[in-house]
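Chains as they are written, first to last, in the numbering used here: chain Z, 16 to 385; chain P, 1333 to 1936.
Just so you know, the hints here were simulated from the structure itself, not pulled from any lab data.
Just to be clear, a hint being listed does not mean it is correct.
Stated by the list, open to error - Think about it this way: if two alpha-carbon atoms lie no more than 20 Å apart in a straight line, the pair counts; the simulated EDC-like pairs of lysine to aspartate or glutamate are: (1) Lys137/Z <-> Glu1872/P; (2) Lys136/Z <-> Glu1917/P; (3) Lys132/Z <-> Glu1578/P; (4) Lys132/Z <-> Glu1929/P; (5) Lys43/Z <-> Glu1872/P; (6) Lys172/Z <-> Glu1613/P; (7) Lys334/Z <-> Glu1917/P.
A quick note: this is a predicted structure, and the numbers were derived from the prediction, not measured.
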Amino acid sequence: MKLQLIFLALVLISSPLVWQLPNYWRPKIMMLTTLVVLGWFAPLSVLIMLLVAFLQWLIWKNNYFRFRKLGVFLTIVLPILPLFVYKAGYKVNHWIIPLGLSYYAFRQVHVAFECYKSGMKKPAFLEYLEYLLFLPVMLIGPIHRMPEFQRSLRRYKWDPYMFSEGLERLLYGLVKINFLGNFIFAAKLTQLAAQADSNLLKIYLQTVSFTGNAYFQFAGFSDLAIGMGLVWGIRVMENFNSPFLATNMQDFWQRWHISLSSWCRDYVFYPLAALSRQRWFALIASMLVLALWHEISIRYVLWGALQALLILVTVRTRKAMPAFSQFINHHPFGKWFGRIWVFHAFAFSCILIGTENIPAVSIEFRQLFS
Amino acid sequence: MLQNLFSQSSTKIFLQTENKSYSYQWLQEKIKKISGLFESLNIRQGDRIMLAVSDESEMSALFLAALANGITAVIADPESKEPRAASILRRTSPKCLIADITALENWKILSTESTTVLSYRKNAASTGGILSKFLQKQKTEQPSNDYLSLLEKANPAASIPESRPSSVYAYIIFTSGTTADSKGVAITHGNLAAHLATLKKVYDLNPDSALLNQLMLCHADGCIQGPLLSAYVGCTWHNPFRFTIEKIPFLLDYCFANSITHFFAVPAMLNLFTQFSDNYEDSFQYPEFKAILSVSAHLDAPVWDQFESIFKVGVCNIYGLTETVAGSLFCGPFPGTYRKYTVGKPVDCNIRIINETGVDVGKGEIGELCLNGEHIMKNYWDDPIRTTEAINDAWFYTGDLALQDENGFVLIKGRKKNLVICGGINIQPEEVTECLLKHPAISESCVLGMPDEVFGEKLVAAVVLKSAHAATSLEIVEHCRQFLEEKKVPARIYIVDALPKGVSGKVQLNALKDQLSKETLKPNPVNGQLAEDVLKIAAESFQIPAWKLSIQDTSQTVGGWDSLAHLSFITSLEHHFRIRFSTAEVITMNSLRRATELIKEKHG
């Protein structure tokens, strides 16, 4: 939070200058600011990012036809490699994961995929860095996309509504993190849970507290990132769209951590589905990648598999019981049943990741249902 | 006419390109310099100067400098082929010709006693980086006829005439036609001043306006409704880059970022916008925006509808000819003149619609459209016969067939004259026929326009080969390229056994069109039914009634198009059409149009 506040202060102070800059210089100054700040706080992270980006760019630049497939493979795997090494190292040796690595690695994979799909022209090194080194999203996402970022730069013009919307989002973010997350869900609800007589109620309140706090923290930080982007005049993709108003789990995953779930859809689900024509296999694989992005552990594998199962149940129910599905997704009362189901299904699935290890998970579930 | 140009503040932008701004101060100084150069070359009011420069900033400054000094600008296309350029030069006898160095090399034109030829070569130092500017010191000596070197040496003119006699010719633009019959439309300062005032009024222009016009400066809609209109009003002319299909998203973003108020486009451009508009629908949604102005060609109803429904802005349809400076009838932006699918009403001019005997037809009846107003050209240059044919008793006979409805709105119904308008470019078929007949293997040819979805009309040629001669359509196209600008080279050459003719021996165009359309239609198993089948499969896959879907729909606009349904859609398409999509195709297929295109590709 402290670092994010430093970033926030920097963005606010530099924003009048950024709006005034000529179009040519604006992305470069934003990039340099990010480079200096990130280099100051996390030089290793900057080094990894620059090295991977440089190698990718070299491959794009020297696109030898004979090695095209190898080139595509390398540009996709190169960013994943340090991410995998650090995530595994964190699990085994408690390594500290370089700042923002999880996010920029996925951004680098996104660009590599888009270049492969030919939907995007291979970027020049400088414009690639301008995209990667964008301060507002460095710490906690969203995993914004390069074409949208470049488009935002092309459409740049002074927009007082955008600026005030940015300030508004910053305010929402701070309220979500500090008041709703830290105070209500983390402090107050935990206190309430501690005072509960029944074990069931206690665990239930703890689960709600964990899920609610996780949502408001994450959505709050996303608001801060989006707000900072807007204050600098760049619109970054939304990361949450009222996920607990979803009426089924498939809908939920289109509203929760959108930048990651859409990344998994575009770069795991679609390629695997296209290759295998097996949508369930592709679904399970993409939910596993989504889970393992958080942490490489059995708990997250189980959590990812459970999410895939919940989506599968949703789709099967729609086919097997169309009237019921229609009621849950479209009827005013049905929708509320759906929402309650989604909240509880997700919250209880989070017991898997909210506890330290598998034995602790099993104790919690035993207490809950005994 | 150009008072606003010289009264603008030094910082006000005259021309904005993608990376460079040219201020009014730059323009004022440039015009004074060019005027000084004219003086040194002894070019005075009433003299003619031929201009064929492709650089927008330089060409616009030259054109405006010529106008400011009362010198008649003969505007030519730098891409013209040698016979056409030589013909224009011969017919107008300019005192000076300033043209791209590449054009001069192609035309093989050198200075003579009566005509000074200056070559324009883009200054390397102005485009390169620091290194090239440094290296510029070691540049080789410029040739003595280098326009920029002479301009650098010229002293700026002490003063620019405040006004010019209205009878003096402002410019001459040659229409398409054979070397013998292309017509030089001669517009006087009086015509120009009258029409600029009309355009300013109709478009509601003011110094804060931002006009985007990328049309070629060698055409009236480019040079008049771009640099001249902007300088007349004192506003900014935007010409960011050459228009290409790949640049459409950039162009739409440019409009948004620069708050373009008036966007000039030919219908073919509007049509292309509708096809590449996904996620760009809000490109004109900002408070400063005023109008999309469709010029140069007939705006088809489907393009009009589609553009308006996608971008949620009205399109104004402007009817005019080179002979009328730019416009005459305006459908919008004023509500009083706006009625969709028409060319609106005449502004600052009178119209008549007459039958073949010269008698006015009634409302709702088709006849030839005639115009009368101060903006109508004085004459065709050095061509009294054609002038008399076109202008009779102050009425200009447009050659277009029109009807007027009960409320006074005019609809264009066709053309009396033989002309193909392809993407806003007027092409006289005779010019192309003349070129085809130069080919040693061709005995007869007929050039005509066939309907085209994007360009309105497509130029095609039917040729009959001489006996014992052989030529492929590729060879014939190559032959055309030697004599014609690229835009006049037929899109397709049909080698036929004979041309359908009437009793008088004249080629029957309608019969030929039918014959050629039959040859164009190849049996295609997926045509016709394709879109319908794709919509049906999409409806089943996304669980949406088919009537709610259109081929314009994308994964963003269809509610049920999630990742699982996507794969079901793909597999259903593969099964139905017996094709297989590649991984990259599966990933990038995000619209029904894209799906349709891919299926078409796979079916050859």
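So, going through the hints one by one against the coordinates:
1. Using a Cα cut-off of 20 Å, the hinted pair Lys137/Z and Glu1872/P is violated, with the two alpha carbons roughly 37 Å apart.
2. With a C-alpha separation of about 17 Å, the suggested pair Lys136/Z and Glu1917/P falls inside the 20 Å cut-off, and the hint holds.
3. Taking the CA atoms of Lys132/Z and Glu1578/P, the gap is about 17 Å. The hint holds against a cut of 20 Å.
4. Only pairs whose Cα atoms come within 20 Å are accepted, and Lys132/Z paired with Glu1929/P is accepted, the gap being roughly 17 Å.
5. With a CA separation close to 48 Å, the supplied pair Lys43/Z and Glu1872/P exceeds the 20 Å bound.
6. Between Lys172/Z and Glu1613/P the alpha-carbon distance is near 18 Å, which keeps this suggested pair within the 20 Å criterion.
7. Between Lys334/Z and Glu1917/P the alpha-carbon distance is near 28 Å, which puts this suggested pair outside the 20 Å criterion.
Taken one by one, the earlier hints fail for this structure at numbers 1, 5, 7, listed in ascending order.
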